[in-house]
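For the record, the sequence lines run as chains A and B. Using the numbering used here, read the first sequence as starting at 1 and increasing by one per residue. Using the numbering used here, read the second sequence as starting at 1 and increasing by one per residue.
Keep in mind that the hints were calculated from the coordinates and are not lab data. Check before you lean on any hint, since a few could be wrong.
The calculated label-pair distances, taken between Cβ atoms and stated as ranges, are [as the list claims (entries may be wrong)]:
#1 Ile23(B) <-> Asn34(A): 48 to 58 Å
#2 Phe44(A) <-> Ala33(B): 36 to 46 Å
#3 Ser50(B) <-> Lys114(A): 28 to 38 Å
Listed next, the in silico SDA-like pairs over lysine to any residue satisfying Cα-Cα at most 25 Å (straight line) [said to hold, decoys possible]:
#4 Lys99(A) <-> Glu42(B)
#5 Lys50(A) <-> Lys64(B)
#6 Lys6(B) <-> Ser146(A)
#7 Lys6(B) <-> Gly81(A)
#8 Lys85(A) <-> Val37(B)
#9 Lys6(B) <-> Asn147(A)
#10 Lys25(B) <-> Val165(A)
#11 Lys19(B) <-> Thr145(A)
#12 Lys40(A) <-> Glu70(B)
#13 Lys16(A) <-> Met71(B)
#14 Lys25(B) <-> Asn166(A)
#15 Lys115(A) <-> Glu42(B)
#16 Lys111(A) <-> Lys46(B)
#17 Lys53(B) <-> Ala26(A)
#18 Lys15(B) <-> Asp135(A)
#19 Lys64(B) <-> Ile110(A)
#20 Lys39(B) <-> Ile110(A)
#21 Lys40(A) <-> Lys64(B)
#22 Lys111(A) <-> Ser134(A)
#23 Lys43(B) <-> Val165(A)
#24 Lys46(B) <-> Trp149(A)
#25 Lys53(B) <-> Met132(A)
#26 Lys15(B) <-> Ala80(A)
#27 Lys46(B) <-> Asp131(A)
#28 Lys115(A) <-> Lys43(B)
#29 Lys14(B) <-> Thr45(A)
#30 Lys6(B) <-> Gln82(A)
#31 Lys25(B) <-> Thr79(A)
#32 Lys85(A) <-> Ser66(B)
#33 Lys114(A) <-> Lys43(B)
#34 Lys139(A) <-> Gly18(B)
#35 Lys43(B) <-> Asp130(A)
#36 Lys10(A) <-> Glu164(A)
#37 Lys25(B) <-> Asp135(A)
#38 Lys16(A) <-> Ser66(B)
#39 Lys25(B) <-> Glu136(A)
#40 Lys57(A) <-> His13(A)
As the structure is a prediction and not an experimental result, all values here were calculated from the model. C-beta: ideal position from N, C-alpha, C; glycine also.
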Amino acid sequence: MYGYVVQRVKDTHIAKDLVQETFLAAWRNVDKYNGEASVKTWLFTILKNKIIDHYRKSTTRLTDELISDEADQDVFFDTAGQWQKSAYPSDWSISQENKVESKEFYSILIKCKKKLKEIQAAVFSMKYLDDMDSDEICKELNITTSNYWVLLHRAKVQLRSCIEVNWLTT
Amino acid sequence: MGIDCKTAVDYISKKEEGKLNFIQKYHLFLHLAICYVCKRFEKQNKQMTSICKSSASKEIDILKQSDKEEMISALEENI
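Just chain A, same shape as in the assembly (with noise of 0.2 Å):
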């Protein structure tokens, strides 16, 4: 549980109370318990709620980012849309049949999207670690879809410029 929910959250300390919670939660609503599902699968299924519990104190504040973020994309583009020159993709020369180079780079984007904004990371890994899509995932943290596909734009570019020089640098 612990090593599913790291995945998913910025910081250690919250992945630890977060399976915590979740143990006690499932104490405290043990008579709920119908054994319809393994033990494993309902308490997965309350970390998995406690995650997007998590995941959504963190739209709260979500309108002040996406102005302040604004400041953050000049990095990347130019006032015509364009790449920035000193943001443009270099060769990555990954093979993804190669298992350790493939571990190595999984690693690297951990890495880095602990280093996105809460809720970008939080976008990120629901639609790309749990394969929802947009529309559960709006409804999920209560946003609207054009601020979600402005918080995945910016989630994978800044992802890929982290990696990028991680990678490249190892």
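Starting from the known structure of chain A, arrange chain B on it as the hints suggest.
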């Protein structure tokens, strides 16, 4: 009228979910045909997302024994 790189990057994500209409798909196709920078972004986007999907369930961090014990005592206090 073509699209700029910022819009192309946005369309690349929307295309994954089939959220582009015919005109948008056409604009993206034309843009990627002439812009090697966005073409490279598209390739890297695929690498990021596919490695994410294939690695998420395999790379598991484990809680240290001391953390587990700490968690158990905290739970016992709360129960």
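Evaluation of the provided hints:
For Ile23(B) and Asn34(A), the hinted distance range of 48 to 58 Å is satisfied, since their beta carbons lie about 51 Å from each other. The hinted window of 36 to 46 Å between Phe44(A) and Ala33(B) holds, with their beta carbons roughly 44 Å apart. Checking the proposed 28 to 38 Å range against Ser50(B) and Lys114(A) shows it is violated: the Cβ atoms sit about 21 Å from each other. About 22 Å separates the Cα atoms of Lys99(A) and Glu42(B), which keeps this hinted pair within 25 Å; it holds.
For the hint linking Lys50(A) to Lys64(B), the alpha-carbon distance of about 22 Å falls within 25 Å, and the restraint holds. About 15 Å separates the Cα atoms of Lys6(B) and Ser146(A), which keeps this hinted pair within 25 Å; it holds. Between the alpha carbons of Lys6(B) and Gly81(A) the distance comes to roughly 5 Å, so the proposed pair stays at or under 25 Å and holds. Among the hinted pairs, Lys85(A) with Val37(B) is consistent with the structure: their alpha-carbon atoms are about 10 Å apart, no more than 25 Å.
Note on Lys6(B) and Asn147(A): the hinted pairing holds, with a Cα-Cα distance of about 16 Å set against a maximum of 25 Å. Proposed proximity of Lys25(B) and Val165(A) is contradicted: the alpha carbons are some 31 Å apart, above 25 Å. Taken as a hint, the Lys19(B) and Thr145(A) pair is honoured in the structure, with Cα atoms around 11 Å apart against an allowance of 25 Å. With a C-alpha separation of about 21 Å, the suggested pairing of Lys40(A) with Glu70(B) holds against the 25 Å cut-off.
Proximity of Lys16(A) to Met71(B) is assessed by CA-CA distance (about 8 Å); at most 25 Å being required, the pair is judged to hold. A distance of roughly 32 Å separates the Cα atoms of Lys25(B) and Asn166(A); the hinted pair therefore is violated under the 25 Å criterion. The hinted pair formed by Lys115(A) and Glu42(B) meets the criterion: a straight-line CA distance of about 22 Å does not exceed 25 Å. A distance of roughly 19 Å separates the Cα atoms of Lys111(A) and Lys46(B); the hinted pair therefore holds under the 25 Å criterion.
Distance restraint check for Lys53(B) and Ala26(A): the Cα-Cα separation of roughly 28 Å exceeds the 25 Å cut-off, and the hinted pair is therefore not satisfied. A distance of roughly 15 Å separates the Cα atoms of Lys15(B) and Asp135(A); the hinted pair therefore holds under the 25 Å criterion. Only pairs whose Cα atoms come within 25 Å are accepted, and Lys64(B) paired with Ile110(A) is accepted, the gap being roughly 19 Å. Taking the CA atoms of Lys39(B) and Ile110(A), the gap is near 24 Å; set against the 25 Å cutoff, the hint holds.
Taking the CA atoms of Lys40(A) and Lys64(B), the gap is near 20 Å; set against the 25 Å cutoff, the hint holds. Between Lys111(A) and Ser134(A) the CA atoms are separated by roughly 24 Å; this keeps the pair inside 25 Å, and the hint holds. Distance hint between Lys43(B) and Val165(A) is fulfilled; the C-alpha atoms sit about 17 Å from each other, no more than 25 Å. Between the alpha carbons of Lys46(B) and Trp149(A) the distance comes to roughly 17 Å, so the proposed pair stays at or under 25 Å and holds.
For the proposed pair Lys53(B) and Met132(A), the alpha carbon gap of about 12 Å is at most 25 Å, so the pair holds. Taken as a hint, the Lys15(B) and Ala80(A) pair is honoured in the structure, with Cα atoms around 22 Å apart against an allowance of 25 Å. Pair hint Lys46(B) plus Asp131(A) holds up; C-alpha atoms about 14 Å apart against a cutoff of 25 Å. Using a Cα cut-off of 25 Å, the hinted pair Lys115(A) and Lys43(B) holds, with the two alpha carbons roughly 23 Å apart.
Of the pairs offered as hints, the one joining Lys14(B) and Thr45(A) is violated, with about 28 Å between alpha carbons and a cut-off of 25 Å exceeded. The straight-line distance between the Cα atoms of Lys6(B) and Gln82(A) is roughly 6 Å, inside the 25 Å bound, and the hint therefore holds. Proposed proximity of Lys25(B) and Thr79(A) is supported: the alpha carbons are some 24 Å apart, at most 25 Å. Our distance criterion of 25 Å between C-alpha atoms is broken by Lys85(A) and Ser66(B), whose separation comes to about 48 Å.
Among the hinted pairs, Lys114(A) with Lys43(B) is consistent with the structure: their alpha-carbon atoms are about 23 Å apart, no more than 25 Å. The straight-line distance between the Cα atoms of Lys139(A) and Gly18(B) is roughly 19 Å, inside the 25 Å bound, and the hint therefore holds. Only pairs whose Cα atoms come within 25 Å are accepted, and Lys43(B) paired with Asp130(A) is accepted, the gap being roughly 21 Å. Under the criterion of a C-alpha separation no larger than 25 Å, the hint pairing Lys10(A) with Glu164(A) is consistent with the structure, at around 20 Å.
Between the alpha carbons of Lys25(B) and Asp135(A) the distance comes to roughly 20 Å, so the proposed pair stays at or under 25 Å and holds. At roughly 12 Å between alpha-carbon atoms, Lys16(A) and Ser66(B) fall within 25 Å of each other, so this suggested pair holds. Restraint check: the Cα-Cα separation between Lys25(B) and Glu136(A) comes to about 24 Å, which is no more than 25 Å; the hinted pair holds. Among the hinted pairs, Lys57(A) with His13(A) is consistent with the structure: their alpha-carbon atoms are about 16 Å apart, no more than 25 Å.
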